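These protein sequence lines are chains W and P, in that order. Numbering follows the numbering used here, with no gaps: position 235 of the first sequence is 235. Numbers in the numbering used here are just positions in the second sequence, counted from 1, shifted up by 1000.
Treat the hints as calculated values from the structure; they're not laboratory data. Be aware that a few hints might be false.
To be verified - Partner residues are not named here, just some residues of chain W that face chain P (Cβ under 8 Å, in silico):
#, residue
1, Leu-71
2, Gly-97
3, Ala-335
4, Gly-353
5, Cys-357
Stated by the list, open to error - From the derived model, a few chain P residues whose C-beta atoms are all more than 10 Å from chain W:
#, residue
6, Trp-1008
7, Leu-1022
8, Gly-1097
9, Glu-1098
10, Arg-1099
11, Gly-1147
12, Glu-1177
13, Leu-1178
14, Gly-1181
15, Ala-1215
16, Asp-1325
17, Arg-1330
18, Asp-1341
19, Leu-1399
Quick caveat, the model's predicted, so the values are computed rather than measured. Virtual Cβ for every residue (Gly too), placed ideally from N, Cα, C.
Protein chains: 2
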Amino acid sequence: MTFFQSRWVSPPQNVIEAEDRLLPKGFRATGVAAGVKDDGGLDLALLVCDGPAVSSAARFSRSGALSAPVLVTRQQSDLRALRAVVVNSGNANAATGERGMLDAAAMRTAAAQVTGLVPEQVAVASTGVIGVPLPIKAVTAGIAVAGDRLRTDGGVLFAEAIRTTDAFPKQVTLDIELSAGTVRLSVEAKGAGMISPSFATLLVFVQTDAELDAAEVDLLLSVCVKRSFDRITVDGQLSTSDTIICQASGASGIRIEAQSADERVFGEALDAALRQISMLVAKDGEGARRIGRVLVRGGDQRVTERVAHAVADSPLVKTALYGADPNWGRVIQAAGAALPDMAPLDVRIAIEGVEVCAHGSYVEHDAAMLAAAVQRDEVEYEITLPGQGAETERFFSDLGHEYVTINAEYTT
Amino acid sequence: MTFFQSRWVSPPQNVIEAEDRLLPKGFRATGVAAGVKDDGGLDLALLVCDGPAVSSAARFSRSGALSAPVLVTRQQSDLRALRAVVVNSGNANAATGERGMLDAAAMRTAAAQVTGLVPEQVAVASTGVIGVPLPIKAVTAGIAVAGDRLRTDGGVLFAEAIRTTDAFPKQVTLDIELSAGTVRLSVEAKGAGMISPSFATLLVFVQTDAELDAAEVDLLLSVCVKRSFDRITVDGQLSTSDTIICQASGASGIRIEAQSADERVFGEALDAALRQISMLVAKDGEGARRIGRVLVRGGDQRVTERVAHAVADSPLVKTALYGADPNWGRVIQAAGAALPDMAPLDVRIAIEGVEVCAHGSYVEHDAAMLAAAVQRDEVEYEITLPGQGAETERFFSDLGHEYVTINAEYTT
């Protein structure tokens, strides 16, 4: 299995990576070039569930400046029974006012028409530049083309068409062995910037051919998102557009009952898949060389969260990670900044298992060994605060020249 | 007058920039190379007040991981009557435990000895690498040398010796015409990274030969810091070591009474000087090309503060500023992130006076004019939220390749 690469993700039991890349039964998808992107790349993605029944769940950004497609989907679609998803990349349709709302609704209607659905069964998402009107004619024309090209192996095209600054597409297809047979799970995601832990942080689409009640889809998604996309940060920037949608077609004929052993197996597979995808997003973090994990333990959950957040979003920690510099002084600086007026701080810090600080003070250590350890693709920082019982983690990308290049030159 | 360069600082009345660079009467200072910095540069600064009386005030970082010199000065010195200041650069003496406390106390004692004071009259500060023991023998030897070299024109050397990654020293000498005569004000500051609005954000030393009660020094410093160093951010990173000290020697024989017209004139000069110095710090922001000002108006002070903070610390906004990209979508994204669950957002955004967004939606504007405007050294972003009566501002540096280079390669 090549998908589960991160040491921070335990490969789940009863799961194999599918080689055929076919979507779970009951789903078809595609990606086409509609002309939203100037470079002629794929920019319009469509996915539809033809299964006997469908149950779904969705999560969105909590930004105060939500994009029009998020508002339209959240307010006007039936989030428990979404059959189709239509997405454009290259333009976020955010900060576009009334026209943006009309455009998002028109996208939704066009997708409903080509798939034979009603608009309430369709979710719409857009990603890309903010504050520029959507070229809606190109988008709807692209939807018409996409409607004719839906394929059971279209997940890869779909994943390709939702990319913006992503260096690589994020897609996986897994087969999960349950007591009653095998179900399939596929995930297509995009996200490389404007990523911050606030549960919904990018575009993620999950499909399975298992049969699940909508309440169970919602519960599973909720738990797994908290342990994956909620814990990654590229640049601490909550997006206007983040959307996660999970659909179950039931087309495998295999039903997963609430609180069953099969649900636990399925949940573990979903958890591992979303955690690994979230690592890929952090790793793709607009030019990131390596990713860090900060693990914070202590006696107060809110304090551990604050410290984890401060370290993971510290540009000083992130540039040190980029430079493979074991500069733990920046880790204690970031932790201290998150804990105002709490000096002196009784904190322990270890990097890659090497203790560098105890009781707030440096510890003699093997600098050469540490310097070698932080050259790896994944670097772990452990922070221990006084007390016990609370623990959290954050995954973060480094901050390097490529981030600056991408973001100093991206658009308008 | 060349010092007051920023359009965001009004040059104060009754003030001229002194050409002789002499410290205010009653002060002597110097900077020497003690060998803390590997490159042999100036790294030990000493300043002493020989005036008939002295009154002082101090502000410190609120970090939970305070450096030893901050703890020693705050806990063991008489902050209302500080006569001497001793500073080393190249090593922050932070996260250095009990040994760090002893070293900071030894620095303070050594400075007291060479200046004929008691340790309680001395403030100590250190800036540089965190988590490495201070080479205390080199530092105390440097203090002995510095004690023999104190000069009335030593402010420039002092400012040079407190630098770390600063691209240029920050120093100014002003003469202020009061009703009873002229007093002098000088400021020496350092700071280019780990700068964040939390009142004390760097090392700043202010001297005047006016006579002021300590309570007035404290009040003036408090008001002026709120309008200067509290409002700048380079990278949102609160330091372990930030210290601001203001001393009045009274050696001019000119007394400034509380709530007098002279106090207002003096306060305006101090305000302008600290604001301009804070702009220089933001501008020096570890390789910054230009600085931004975000001005937020609305009905709720806390909300305006949150939005200003989010925009000023957004790496997406900062990279766009670096790239001279008028990408206001990132401004609304950052504002939205600061206002969770408040969508749709009724926000107006103008950049350099060009309205780009009204009622949360784009406004047609002259893109060429805007593109030219954001090429300037200073770029202004105005954000207007619903309501009235609240207003705040933040100054921020851009985020560019030089920041990454400096911080990926700085130490250990």
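### Message
Hints numbered earlier in the text: which of these fail when held up against the supplied structure?
### Response
4, 8, 9, 10, 16, 17, 18 and 19
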